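Chain E is fixed; fit chains G and A onto it per the hints.
Residue numbers (our numbering), protein chains in the order written: chain E, 1 to 226; chain G, 227 to 459; chain A, 460 to 709.
Since the hints were derived computationally from the structure, they do not count as laboratory data. Remember, it's a predicted structure, so these values are computed and weren't measured experimentally. Hints may be right or wrong, so weigh each one.
Chain E is nowhere near these chain G residues, computed Cβ spacing over 10 Å in every case [to be verified]:
(1) Asn365
(2) Leu382
(3) Gly413
(4) Ser455
Incomplete in silico selection of chain A near chain E, CB under 7 Å [said to hold, decoys possible]:
(5) Ala526
(6) Ala543
(7) Gly546
(8) Tyr562
(9) Tyr578
Not close to chain A: a few residues of chain G, all C-beta gaps over 12 Å, as computed [stated by the list, open to error]:
(10) Leu239
(11) Ser263
(12) Val275
(13) Phe282
(14) Thr324
(15) His388
(16) Leu420
Cβ coordinates follow ideal geometry from the N, Cα and C atoms, glycine included.
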Amino acid sequence: MTAYLRQVYVVMWKDALLELRTRERVSSMGAFAVLAGVLFNYSVDTSLVRMQDIAAGLIWVTLVFGGLLGIGRTFHLEAQDDAFQGVLLSPTPKDAVFFGKVLANFILLFAVALLVLGVFTLFFGLDLGSHPLALLTAFGLGSLGFVALGTLFSAVTAGTRMGETLLPILIFPLLVPMVIYGVGATARLLADRPLVEVAGNLRMLAAFALATLAAGAVLFRFVVED
Amino acid sequence: MSISGMRRAGTALTVLGLLGMAFVYWLSFFWVSTEVSQGVAQRIFYVHVPAAWTSFLAFGLCALTSGMYLWLRDERLDRAAVAAAEGGMVFATIMLTTGPLWGRIAWGTYWTWEPRLTLTLLMWFIFLGYFMVRSSSDNPEKGKRFAAVVAIVGALDIPFIHLSVLWFRSLHPQPVVVKPEGPTLPGDMLTLLLTSLAVFTLLFFGLFLLRYALEGLRSGLDERARRASVLGS
Amino acid sequence: MAESHPSEGSAPAADAPVLDARGLFREYGPVVAVAGIDLELAAGEFLSVFGPNGAGKSSLLGMLSGALRPTRGTVRVGGVDLAADGGSWRRHVGVLSHRGFLYAQLTAEENLRFYGTLYDLPDLEDRVPERLRQVGLAGKARARVRELSHGMRQRLSLARALLHDPRLVLLDEPYTGLDPSAAALLRGVLTELRDGERTVVMVTHNLHEGLELATRVAVQVGGRFAWEGTRADAGADFEHLYHRVVEERS
Numbered sequence: 001m002t003a004y005l006r007q008v009y010v011v012m013w014k015d016a017l018l019e020l021r022t023r024e025r026v027s028s029m030g031a032f033a034v035l036a037g038v039l040f041n042y043s044v045d046t047s048l049v050r051m052q053d054i055a056a057g058l059i060w061v062t063l064v065f066g067g068l069l070g071i072g073r074t075f076h077l078e079a080q081d082d083a084f085q086g087v088l089l090s091p092t093p094k095d096a097v098f099f100g101k102v103l104a105n106f107i108l109l110f111a112v113a114l115l116v117l118g119v120f121t122l123f124f125g126l127d128l129g130s131h132p133l134a135l136l137t138a139f140g141l142g143s144l145g146f147v148a149l150g151t152l153f154s155a156v157t158a159g160t161r162m163g164e165t166l167l168p169i170l171i172f173p174l175l176v177p178m179v180i181y182g183v184g185a186t187a188r189l190l191a192d193r194p195l196v197e198v199a200g201n202l203r204m205l206a207a208f209a210l211a212t213l214a215a216g217a218v219l220f221r222f223v224v225e226d
Numbered sequence: 227m228s229i230s231g232m233r234r235a236g237t238a239l240t241v242l243g244l245l246g247m248a249f250v251y252w253l254s255f256f257w258v259s260t261e262v263s264q265g266v267a268q269r270i271f272y273v274h275v276p277a278a279w280t281s282f283l284a285f286g287l288c289a290l291t292s293g294m295y296l297w298l299r300d301e302r303l304d305r306a307a308v309a310a311a312e313g314g315m316v317f318a319t320i321m322l323t324t325g326p327l328w329g330r331i332a333w334g335t336y337w338t339w340e341p342r343l344t345l346t347l348l349m350w351f352i353f354l355g356y357f358m359v360r361s362s363s364d365n366p367e368k369g370k371r372f373a374a375v376v377a378i379v380g381a382l383d384i385p386f387i388h389l390s391v392l393w394f395r396s397l398h399p400q401p402v403v404v405k406p407e408g409p410t411l412p413g414d415m416l417t418l419l420l421t422s423l424a425v426f427t428l429l430f431f432g433l434f435l436l437r438y439a440l441e442g443l444r445s446g447l448d449e450r451a452r453r454a455s456v457l458g459s
Numbered sequence: 460m461a462e463s464h465p466s467e468g469s470a471p472a473a474d475a476p477v478l479d480a481r482g483l484f485r486e487y488g489p490v491v492a493v494a495g496i497d498l499e500l501a502a503g504e505f506l507s508v509f510g511p512n513g514a515g516k517s518s519l520l521g522m523l524s525g526a527l528r529p530t531r532g533t534v535r536v537g538g539v540d541l542a543a544d545g546g547s548w549r550r551h552v553g554v555l556s557h558r559g560f561l562y563a564q565l566t567a568e569e570n571l572r573f574y575g576t577l578y579d580l581p582d583l584e585d586r587v588p589e590r591l592r593q594v595g596l597a598g599k600a601r602a603r604v605r606e607l608s609h610g611m612r613q614r615l616s617l618a619r620a621l622l623h624d625p626r627l628v629l630l631d632e633p634y635t636g637l638d639p640s641a642a643a644l645l646r647g648v649l650t651e652l653r654d655g656e657r658t659v660v661m662v663t664h665n666l667h668e669g670l671e672l673a674t675r676v677a678v679q680v681g682g683r684f685a686w687e688g689t690r691a692d693a694g695a696d697f698e699h700l701y702h703r704v705v706e707e708r709s
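Bound-form chain E, shown alone:
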């Protein structure tokens, strides 16, 4: 393993370990996902519309809002005792730090995505269709693009007076492509349409994730320097 990969790994390991020990973000995101499901139960009249038809949009919106809740706090624990300053003073390249934090956030958000899917299956008897792997790919790629943007911009908002309240304004417009392609793919998969119909969407989600990862890796250093 090269030094770069070791550094990426150790940043991810540190963030994951901190999350495992504090459970701050995972518990608020998890509770949000379940409670959103409860609210949806009362905000959708299932005698008029079938949950199966509208679930795709609700799932992605839950993921975006729930994700925002946790990803926005990416740099909170770092601020305690100025620990992140110590990271920035080390010779570790800033993009390695970025990738490490993105990976840790990805694990967190993907877990929440699985939980949201579980909640919808359990609460609303959602049928996940015959291509669960494609469904997971859509959520995986979507989550990756989301955390790449979310990590970069939570570093931005951590440096402003407005803090997390600024985050939705900054990233919602940017997340539109992810939501459109993600919902499009999910809706088709839930409707059990053939895989060829979602291949294009998955490709776009992958391209979006790649572009945001690359942009984040390049721009992160300009955000965290002083």
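Same frame as chain E, now just chains G and A:
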């Protein structure tokens, strides 16, 4: 060019642009022929389309100068970026207000998720984020860097937004009877559109230069305050 | 302070000065924190920078450590320009501030292993327990930092700052809030650092502790060095000199 030179050039271009604007208004009310199927309301199109074009030009300029600012850290590049962003926001607002006014008459609804309208709306919000980030940092230099990052990521995202809203629309046909423009634009309409494009671009660069000069004066004031604080201590 | 003084002890002659800062400025909008500082330090030198609050001492140290980008001017560590290089020089710089840079939810050992990996140190298996022993925390390796006493935390952050054996050590008010045992340990470690090979810059407003080990002394007021000289120049009654300089300049 010196700051006062910028100011003079900016004033000249702005005056020229405003005069041109009056001319464009006169042409679109009294000269150009009325579009057959849409009637008089179609004339707003000579403001709407150039405003959209100018706002995208401004956004591109803002992202470009932002990227160069992060690279070279020359204050002048940041001044150019903020001047472009402000102009872009103004013209995007014009596009977003004229679009629905026309849509109400042509389509019977103020808002449709027409891809270009949607794209401009999202771009307007990216600009909004640009200014909020800029002003909410205690250290102005940090605010400039953050804003530059917003502009660059926004510009990278624009193609994705464009493709995705187009794709979304292809699935959900809108009750559109006519497209706002087509390749079959009659001669005098095309002439007016091109004239208006030129005038809007001119006006934008006039405002851009004025705003740029203003930022220059502001940083001059900062410099003076710095010198005073160093001498005073 | 442009020419390098032959310091006390035996500093080995290096090709490039360990630390070489030229024309440093740092501005925050209309506020100027550092207004033109030049500094050159050879191996074995120990510089203490004194100054009242708001003199820009921390901004100076931030620029020397590469945490802050100078508005103007350059910093070279071992001849390498901080702005131009990718960051490999950071290996040779250690920073100890009154903030600990520690993760409260990680154990003492995990904190050191984390930073050790960031510095790409090869022998963490041996190095981490050894350093913990040196600061008297061998028995607390698996205790989380938040469970440690204040003094223990300070000793741990000392071990963290010196884990990679930096050639240039930057100290920002290191004695602030230390309990007596941690202060004694810090004094011992700083004395060891005066081995003729290490270079130390300490900023502080505590005259007594700052003078103890210094080979060179500077007084920073209003973003500039208002006075600078060797420890001998500072004389026995430095306190008098210091107050006179500060009053003259403010």
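Against the structure, the hints come out as follows:
Some Cβ of chain E comes within 10 Å of the Cβ of asparagine 365/G; the nearest lies about 8 Å off, and the non-interface call is violated. At the 10 Å boundary, the C-beta of leucine 382/G falls inside the reach of chain E, the nearest C-beta of that chain being 5 Å off. Non-interface call for glycine 413/G relative to chain E: holds, since the shortest CB-CB distance, roughly 38 Å, exceeds 10 Å. In this structure serine 455/G is separated from chain E by more than 10 Å, as the shortest Cβ-Cβ distance comes to about 21 Å.
At about 6 Å, the closest approach between the beta carbon of alanine 526/A and any beta carbon in chain E falls short of 7 Å, and the interface hint on this residue holds. With its C-beta approaching chain E no nearer than about 14 Å, alanine 543/A sits outside the 7 Å limit, and its interface hint is violated. Annotation: interface hint on glycine 546/A holds; nearest CB of chain E at approximately 5 Å, less than 7 Å. Because the smallest distance between the Cβ of tyrosine 562/A and any Cβ of chain E comes to about 5 Å, under 7 Å, the interface hint for this residue holds.
Against a cut-off of 7 Å between C-beta atoms, the interface hint on tyrosine 578/A holds, since the closest Cβ of chain E lies about 6 Å away. Every Cβ of chain A is farther than 12 Å from the Cβ of leucine 239/G; the closest lies at roughly 30 Å, confirming the non-interface assignment. Against the 12 Å criterion, serine 263/G stays outside the reach of chain A, whose nearest CB is about 56 Å from its own CB. Residue placement check: valine 275/G keeps its beta carbon more than 12 Å from all beta carbons of chain A (closest about 40 Å).
No beta-carbon of chain A is positioned within 12 Å of the beta-carbon of phenylalanine 282/G; the least distance is around 32 Å. The non-interface label for threonine 324/G is consistent with chain A: the shortest C-beta to C-beta separation is roughly 38 Å, beyond 12 Å. No Cβ of chain A approaches the Cβ of histidine 388/G within 12 Å, the least distance being about 36 Å, so the stated non-interface status holds. Chain A leaves leucine 420/G outside its interface by the beta-carbon criterion, the shortest separation being 44 Å against a cut-off of 12 Å.
When each numbered hint is compared with the structure, violations occur for hints 1, 2, 6.
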